[in-house]
Amino acid sequence: MGIELTQAEIDESLLRSPRLILCVSRDGRAPLPVPMWFGWIDGRIVMHTVAASRKVAHLRRNPQVACLVESGEHYYTLKAVLVLGTCEVSDDPEDVRRAMVAIPENKPLYKQLRPERWPPHLERLY
Numbered sequence: 123m124g125i126e127l128t129q130a131e132i133d134e135s136l137l138r139s140p141r142l143i144l145c146v147s148r149d150g151r152a153p154l155p156v157p158m159w160f161g162w163i164d165g166r167i168v169m170h171t172v173a174a175s176r177k178v179a180h181l182r183r184n185p186q187v188a189c190l191v192e193s194g195e196h197y198y199t200l201k202a203v204l205v206l207g208t209c210e211v212s213d214d215p216e217d218v219r220r221a222m223v224a225i226p227e228n229k230p231l232y233k234q235l236r237p238e239r240w241p242p243h244l245e246r247l248y
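Taking our numbering, the leading residue of the sequence shown gets 123, the next gets one more, and so forth.
No lab work stands behind these hints: they were computed from the structure.
Don't take each hint at face value.
[Stated by the list, open to error] Label-pair ranges, simulated between beta-carbon atoms: (1) 230 x 206: 25 to 33 Å; (2) 131 x 179: 29 to 37 Å; (3) 141 x 186: 17 to 25 Å; (4) 200 x 179: 31 to 39 Å; (5) 133 x 154: 21 to 29 Å; (6) 200 x 166: 19 to 27 Å.
The structure displayed is predicted, hence computed values, not measured ones.
Backbone N, C-alpha and C fix where the C-beta goes; we use that ideal spot for every residue, glycine too.
Taking the hints into account, I'd like the entire structure generated from these sequences.
Below you can see the structure in the form of structure tokens.
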């Protein structure tokens, strides 16, 4: 049992954090935790990724997820926001475009962190 955060504290944590850990279910195996960039937009977590990724295949089979954002360097400063829910995967190009525009607007830090050129092994994916 932990100390409950207020909605304002939850919003602040989700807006400030540069990444979350997305946990997806895998058939008959341990859950798969994956670090993801994300937006906290209108009370929803929004992410985009490569459609052919394993995490998307797992999400298509079982959309139940856990998302964790944590912070704090010392025991007395530890803070976590855990969001449990159902993930909706969209293949609609307009949905993807909206997410790709909205996330960096929601998290200006991403504009600074995104490379001008992707490394060669990632260029074909982005």
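The hints, checked one at a time:
no.: 1; hint: 230 x 206: 25 to 33 Å; result: holds, 28 Å
no.: 2; hint: 131 x 179: 29 to 37 Å; result: holds, 35 Å
no.: 3; hint: 141 x 186: 17 to 25 Å; result: holds, 21 Å
no.: 4; hint: 200 x 179: 31 to 39 Å; result: holds, 33 Å
no.: 5; hint: 133 x 154: 21 to 29 Å; result: holds, 27 Å
no.: 6; hint: 200 x 166: 19 to 27 Å; result: holds, 25 Å
The structure is consistent with each of the numbered hints, conforming to all of them.
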